[in-house]
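Novice: Under the working numbering, read the sequence shown as residues 365 to 1352, first letter to last.
Hints are supplied without guarantee of correctness; some may be wrong.
Below, in silico cross-link-like pairs of lysine-lysine (PhoX-like), each with a Cα-Cα straight-line distance of 25 Å or less [said to hold, decoys possible]: (1) Lys871 x Lys1320; (2) Lys1112 x Lys927; (3) Lys740 x Lys1058; (4) Lys1090 x Lys1042; (5) Lys918 x Lys1101; (6) Lys559 x Lys890; (7) Lys1058 x Lys806; (8) Lys806 x Lys766.
Ranges of calculated distance between the beta carbons of each label pair, as one might list FRET restraints [to be verified]: (9) Asp1229 x Ala492: 45 to 55 Å; (10) Ala451 x Asn1310: 50 to 60 Å; (11) Glu1081 x Asn992: 46 to 56 Å; (12) Asp409 x Phe827: 15 to 25 Å; (13) Ser903 x Glu1240: 20 to 30 Å; (14) Glu485 x Pro883: 12 to 22 Å.
The hints are simulated quantities; they were obtained by calculation from the structure and are not laboratory data.
In this text, a Cβ means the ideal position worked out from N, Cα and C, and glycines have one as well.
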Amino acid sequence: MKKVLLSSIFSLLFLVSCKTSSEKEIYSSTTVTDANGFSYETVKDDPTGLRLYTLENGLKVYLGKNTEEPKIQTLIAVRAGSKYDPADNTGLAHYLEHMVFKGTDKIGTQDFEKENVLLKEISNLYEAHKTEKDTIKKREIYKKIDSVSLKASNIAIANEYDKMVGSLGAEDTNAFTSNEQTVYVNKIPSNEVDKWLRVESERFKTLVLRLFHTELEAVYEEFNRGQDSDGRKQYYAVLEGLYPNHPYGTQSTIGKSEHLKNPSMEAIHNYFETYYVPNNMAVIMVGDIDFDETIKKVNTAFGDYEKKEVTHPTFPEEAPLANSIKKEVYGPTAESIYVAFRTKGKGDKQEVMVTLIDYMLANSSAGLIDLNLNQKQMVQNASSYTNFDNDYGFHLLYGMPKQGQTLDEVRDLLLEQLDKIKKGEFEDWLLGAVVNDLRLSKIKSFEKSSSTAYEYLDAFIGFQDWNNRLSMLDEMKKITKEEVVAFANELYGDNYVEVHKIKGEDKNIVKVQNPGITPIKLNRDKESNFLKEFNSVSSPNLKPQYIDYKSAIKETKTKNDLKISYIDNPNNDIFNLNIILDMGKDNDPMVSLAAGYLDYLGTDKYSPEQLKQEFYKIGINYYVNTANDKTYVGISGLKENLNAGLELLEHLWGNAVPDQESYDKYVDKILKGRQDSKTQKGNIFWNGLMSYSKYGNESRLRDIYTMSQLRAITPKELVEKVKELKEYKQRIFYYGKDVNKAIASLDKNHAINVSALKDYPERKKYTEKETGGNVYFVDYDMVQSEMLLLAKGAEFDAKKMAISRLFNTYFGSGLSSIVFQEIRESKSLAYSAFSSYNNAREKGDSDYVMAYVGTQANKLPEAVDAMMELMTNMPEAEEQFNQAKEATLKKIAAQRITKSNIFWTYESLKKRGFDNDNREELYNAIKDMTLSDLKTFFNSNIKGENYNVMVIGNKKDIDFKALKKLGKVQEMDVDKLFNYEKSAPVKG
């Protein structure tokens, strides 16, 4: 399947809709009335089994059944996003999303009548603040806002919503806003539907903007994170170029800095009253549900919402782009280019054609960009993706240059691939192979309740009929080569926007002062009447289910006695076949290098490009991957093509032909990749600094081939290394149907002499260093700063797994945790803050304690002090502990380990020394734990730990005096962290 980058900004829509006259014949829609009198739409041959209800007040209810686990993916969606933000209040829809977590007149308050007096005063102050031009007077008004907000917080109760859904055992509680949608997310145990509906029904009835100014500061920290994201800036520049007169391009979801700092509570209330109405909303539930019972409950919860007329704003049509537009954005990361074409919006016939062309260009295997640019190593990397909103969409090509290559050269290479489409220079079979690829992804997508729910969401937000979405691939299959060529010549000309991401200083960065917010009261020991009533309601019992791995994972052998572990696929004909060697990079670092090189080789029969095409024709994905202690050689696809796929894989494995030119390019790619990777702050922080803090100079991360060593290795050595893998001890894991067919294929294609297989080379060990007294700092051009406290704990002890899991829920992880409440909710010192006790993944390794804060640099000293206080003195809140304990137990009870995950989970457990499902032991231990137990664990394993401190930020903004209090400050050279050479010239 195609690999999609920049997923934090966008997602590729695999299954999209196309309205045609023939679709009703393929997927006909009918209306049915259930036993309770509720009518719903259903689609013939719908693999998801959707029931789409419309309540009397217009609320859409999408219900889908998936009984793989006793959970339900829930989405509450509003057709309202940043496209509808007032031009003078951008960011409003997103900020409203944050505030919907703050409660209502019943949730999150001790006395709403008294609290509301203060909230109205705060609202009036914000209106005065917004209109005031004098900066001194404006600052005085803000001080008054801060003062009144503190008074109001004495009455408010923070995080009650989070506590309630957390106590249900909900997972992934969150929300997101984009151009045309705001969506609220939870995944709940199926026995908690009643209580979940109770709280969600109340949640959307009334908007109360409490704890407003602290949350606003958190949103501004999110704005700062966007300023530190070069990819996001590049993406926004594309939108500005494509849509110069439309909100897609004139305003971003996060909003403008001046608008975020001058909000209007009245405008937010108006937006809520306008769009948060039932006939503009949907409740989506996919999972272990009873259709008839669930719709009755949803109707009881939301049926009394009042319907209101909703008029979505319309905007003038954008004029066609007459010529190409060039834009530039600057930042510290490596250079890249986007080339984007505007298309029509979701549901238009263009969507089907553009999606087809996109996969013809890039499908991670045999697209024109894949073969002509990536396979031939003409660029560092390149691909493409599509996005379709309601009014418009776009098709974007992107690439990163090789060493010495210009962005203009990358652009021309990308456009050349489009020209090949326009000239018809592609194989006829490619169209059918793309459709089959998308069908396979569709099967995989609908296996999961979450991905199915998001498909329903996409249909709702786009005003799409579900049968139209299902018919897309059937319509795509009808498209001819001639039609593709004609369409490509019509759409793709000089009408594109190109955005060059250039390495350099961004002159448009906005920096603001620390507003000096007075910490608000959390009142974690208080409860609203709503919460008391909520907690008094019991739910049906859900018992945990544990796996007997030895019976769930069946074993057999090939004709030559090669061990096969297998699990049957109960759902469809998709298979995965893995040849596993219990040796990896730690045993032989050349194996990883060789595996990567194999991707660029052909055989004595096929060129590298032909080989990729042969795999793609039969819908088989192949891989040779190395981990620290494992190597995996395998294939996946539909079982009907298993034998052909394995035969092709074995042909490559045994007949790969070394090529010096491709190896030289491969080395150049590795060296350029190193230079690019050290420009990524996430890589510097979470890999470079983390590894150095744990291991010092003798780390796995720094144990790499030098440039001269890479140049000295020959392609023949690497090919022999890959072929040599067959000579080592190995085992098979097969997930799919008809294991006997898999065995027959292995006997035919992978016939090895098991008795002659070699033992593995000795695994290299990397010694963990003691932590404490060190502050490792990296200077990086960014608005925020990030800090992590890291302490080496004791050696892995299975007995700590239960208490540490409960501790993480209570103290450091999630929206209702102590750390999140104190750092973000009360003090507004960060957008992101967490702490955790991390159990080692292998027996014999050490556990680690960590605590993280990401905030603008002028808040870092306060944030450090606040975090250190928490890591020294754990606040004790009995009710919050009970809720955390209940949430932890319910998550274990609702968890089901299924399908191939049974095998891979067991593999992980064995590394820790388990030969059974340890969740039973965890569950029983947590049931009897008390807050006193947690305090004892904290005092023994957290308090007084010796921390190494990792900090990344702009040197000009960092308070080094504050950092020196934590230990010896050492400014780290990024090349030293990774053991990279200062320059990595390529061959002439």
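Novice: Take the hints in turn and mark each one as holding or not.
Specialist: Quick rundown of the hints versus the structure:
no., hint, result
1, Lys871 x Lys1320, "15 Å, holds"
2, Lys1112 x Lys927, "16 Å, holds"
3, Lys740 x Lys1058, "38 Å, violated"
4, Lys1090 x Lys1042, "35 Å, violated"
5, Lys918 x Lys1101, "13 Å, holds"
6, Lys559 x Lys890, "20 Å, holds"
7, Lys1058 x Lys806, "42 Å, violated"
8, Lys806 x Lys766, "35 Å, violated"
9, Asp1229 x Ala492: 45 to 55 Å, "33 Å, violated"
10, Ala451 x Asn1310: 50 to 60 Å, "53 Å, holds"
11, Glu1081 x Asn992: 46 to 56 Å, "22 Å, violated"
12, Asp409 x Phe827: 15 to 25 Å, "23 Å, holds"
13, Ser903 x Glu1240: 20 to 30 Å, "27 Å, holds"
14, Glu485 x Pro883: 12 to 22 Å, "20 Å, holds"
Violated hints, listed in ascending order, are 3, 4, 7, 8, 9 and 11; each of the other numbered hints is respected by the structure.
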